[in-house]
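Visitor: One-letter residues, chain by chain:
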Amino acid sequence: MPDIEAVGRIIAEEIKKYRADHIEAHIEQAGSSHITYRGRKLESIGKSSGIGGNIRAQFNGGWGFASFNNLDDIPARIELAIKQAKLAGNSKSNLAKVKPVIDDVPAGIATNPVDIPLADKKKLLDEYNDVIWQTPELQTSVIGYGDGYKKSIFIDSGGSFIQQERADVSLRLMAIATDGSDVQQANMSLGSRGDFSQIQSLHSQVAEMAQRAVKLLSAPQIKGGEYTVVLDPVLAGVFVHEAFGHLSESDFIYENPRMREIMTLGKQFGGKHLNIVDGALVPNLRGSYKYDDEGVPASKTYLIKEGKLTGRLHSRETAAKMNEKPTGNARAVSYRYPPIVRMTNTFIEPGTVTFNDMIAGIKEGVYARNWYGGTTSMEMFTFSAAEAYMIKNGKIGGLMRPVVLSGNVFTTLQNIDAIGDDLDMNQGGGCGKGEQSPLPVSNGSPHIRIHNCLVGGA
Amino acid sequence: MQRILEQAMQKAEAAEVFRVTSEETPVQFEADRLKHIQSKQSHVTALRVIKNGRIGYSVSSNPDDTAGLIDAALETAEFGMQAEFELPAPTDYKLVETYDPAVEAVPLEKMISLGAEMISAIKCNNKDIICEAGVSKDVVSVHIINSRGNDAAYTKSVFSMGIEGNLIRGTDMLFVAESESSCHPLTQTKTITDVVIRQLEWSKNQASVTGKIIPVIFTPDGVASALINPLMSAFNGKTVLEGASPIGDSLGKLVFDKKLNLFDDATIDYRPGSHPFDDEGVASHRTPLIENGLPASFLYDLQTSALAGKESTGNGHRGGGGLPSPSANAFIIPPGETAFNDMLADIKEGLVVEYLMGAGQGNILGGDFSGNVLLGFKVENGKITGRVKDTMVSGNVYQVLKEITAIGSDARWIGGFLHSPSLYCPSLSVSVKK
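Order-wise, the sequence lines are chains Z and A.
Reminder that position 318 of the first sequence reads as 317 in numbering that gives the first Met the number 0, one-by-one numbering, no gaps.
Reminder that position 262 of the second sequence reads as 261 in numbering that gives the first Met the number 0, one-by-one numbering, no gaps.
Bear in mind the hints are in silico, worked out from the structure with no lab data behind them.
Errors might be hidden in some of the hints.
Far from chain Z, by Cβ distances over 10 Å, these chain A residues were calculated [unchecked claim]:
1) A88
2) A101
3) D256
4) Y269
5) A282
6) T337
7) D409
Heads up, simulated BS3-like pairs for lysine-lysine below, C-alpha to C-alpha not over 27 Å straight-line [what the hints assert, rightly or not]:
8) K432(A) x K391(Z)
9) K266(Z) x K432(Z)
10) K432(Z) x K122(A)
11) K211(A) x K362(Z)
Covered stretches of chain A (in silico footprint by chain Z; criterion: 3 or more residues with CB under 8 Å from a CB of chain Z, positions within the stretch not fixed) [what the hints assert, rightly or not]:
12) 34-40
13) 64-71
14) 239-247
15) 356-367
16) 390-398
Yeah, the Cβ is synthetic: ideal placement off N, Cα and C, and Gly gets one too.
Model the full structure from these sequences, guided by the hints.
Guide: The structure is reproduced here in structure tokens:
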């Protein structure tokens, strides 16, 4: 095994010899394991390990980037990145100033999940599979477990040398029921920042999921149209991530004068009860870290405070060009990609409304829970609920088929008319942006109520 | 590679080493200007072993860690699935052309000028639009050897370019986009920019549909965003084997409209989805999936086909660095005879869907889709009258494709992996925000 710290030291010396507006390097060493079940059987089990790095350089505003697995011949990589940056450069480099950092950040977990014996991981998954198949009417099921451990080194021409380690655990379960040509599925998605114990003891939730898949076969479909919708914390977390979080990523804003107009700080986006936060500094979540992939210390940013736009997420470049403070949100899924502006842990802060009060006044509405996925085009967003129930005269009714909800961010945030008191964070998500996916993030919210929300249906 | 195979064979009954080496060179424009030039070199080795009848698997990007790779594969074999297949014997593969040395030779300056040309063509049409563009040349080499003596390799070149425009009026945002890819260098930007300019022209006015159940034309891009994912899952032999495919029992039964045909084809020369063999070394095929409305076959890799009592169709893919699993090479829907304008002319009130956002998030297995029309247009009395917004289209692929009014003569490649015409469907459910 090459010692990546030693390679890092060589790079730190080497980049001093070259001239560019900015040079940085990332070196990574990673290990992971995965186990997949389909139906009653274990289908795939595997381990992976890797090593790689990149050099990124900026010159006259242009970026060059060279990534590689072979750690030999670093000078040639640096030269290539600088040559590319020079070819791309056509203006002026401008990066927010940050103090150089020398630090060594351990993963902060007792046990590296990759090192847990495969037999122990398999035992837990066998238990979950047994629980799933206590619902014998199922057609099939899927369990996907994955873990990873990564040591990364960040070096830049400003003098930073940061070593960070992090671990990650994720678990996805799905139960599938069929009835002739009709196929229905129910799913669960969980994760943690490397703590294996957080995915243990889920047996009763897994059983409930399996039963739901069967129940969905006889569930009716919601009639499409506008409804008052109540979202559970998991789905509301996906909503805040998709509908507003991506809009707060400044790389969509900083070079687009009309976007800058739309996103003027101080603008009213929602009611006084609405507070939205993103921050890697919020501890022990999948989106938590001490320094981002540009060596900028993590922070906690209020995106919306009392309904007003108060902040956004930055890389060093977007912060400088918008004359704002860097927030430590530049992240890359791996050394194969340059860091871009990403979310970390994104959530709506809790309000004061109890769940019972929230649904009490609803004559006809939809209670949507859990998630399949979500996506955004900035203005419009869609996200899909894995469970839906009709609300009639203040009471939760029977299970309906899953629904897709859609809307326009600018009206939908205004249409949130109740925020619950029961904040919960969902750690099962992975975020995709451009080709970089999945990035560990978390998102959350208390229960929220949205009036006039568009629901797709029959 | 040979050394890894030999060492693994000291403890395993069968082994296979799979190596992918690639170099990608993307050039990216942001906010109308050249911003990034990158070079990404990658080198990944995967080892699959069969030990005591069970499959073990490991993958590494560390060229020096042969011992770790072998240990991990043997360790996982203890828990792995029973291997039901035999690795392919040495095979005389039919030639499928995937490499044009001219791709590597395209200078960065030429790539930059292609990107700039696309942006200036779009800005000429509308100066307020802000464009992102990308031009990339990639070369991928695949080499596979196994303990039965099969030793096969190919190299693929892919040249791709695309542009996305964002036009903002007030808080209204319009996104237009088109891209193209080939194993040859692309030299013409006009075919790409013409599509984007047409999208801009159709979006000049805003329109709103009133009907709840109306006819919908899915353009080739619309087919890709709304209808293809459920089909890829339904024709996957693994889904069929588990009994989770809605068409698993429907081979030879009329499930789709008689006019509809679908192939999976990895043998078309110089296409990014083509190769002489799949990621397990099984020769590539053109596999009929729908013939005149009847499901004709499903897609298999080695293990799944053995469990199902079928032959591999050459669809073993290693997405995400895992074990091979069946997935599509390239889906081909042959064109029909109806011109796009004749489809429009037939419609009193309807929709043209170019991009349905979020359609892939529902119950894919069951064929349900529901999404927001991110780019779509109202048709009124045979003419496109403007762009629709705040509109959702929902349906079920099996119901939608059971009755197709017409199949377009306008088939084209969407990305590297789908060739489709426009599909004109008589009635879909539409929800509109008032």
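Visitor: Confirm or reject each hint.
Guide: For each hint, the structure was consulted:
| no. | hint | verdict |
| --- | --- | --- |
| 1 | A88 | 24 Å, holds |
| 2 | A101 | 21 Å, holds |
| 3 | D256 | 16 Å, holds |
| 4 | Y269 | 23 Å, holds |
| 5 | A282 | 24 Å, holds |
| 6 | T337 | 28 Å, holds |
| 7 | D409 | 25 Å, holds |
| 8 | K432(A) x K391(Z) | 22 Å, holds |
| 9 | K266(Z) x K432(Z) | 26 Å, holds |
| 10 | K432(Z) x K122(A) | 25 Å, holds |
| 11 | K211(A) x K362(Z) | 23 Å, holds |
| 12 | 34-40 | holds (count 7) |
| 13 | 64-71 | holds (count 4) |
| 14 | 239-247 | holds (count 6) |
| 15 | 356-367 | holds (count 10) |
| 16 | 390-398 | holds (count 4) |
No hint from the list above goes unmet by this structure.
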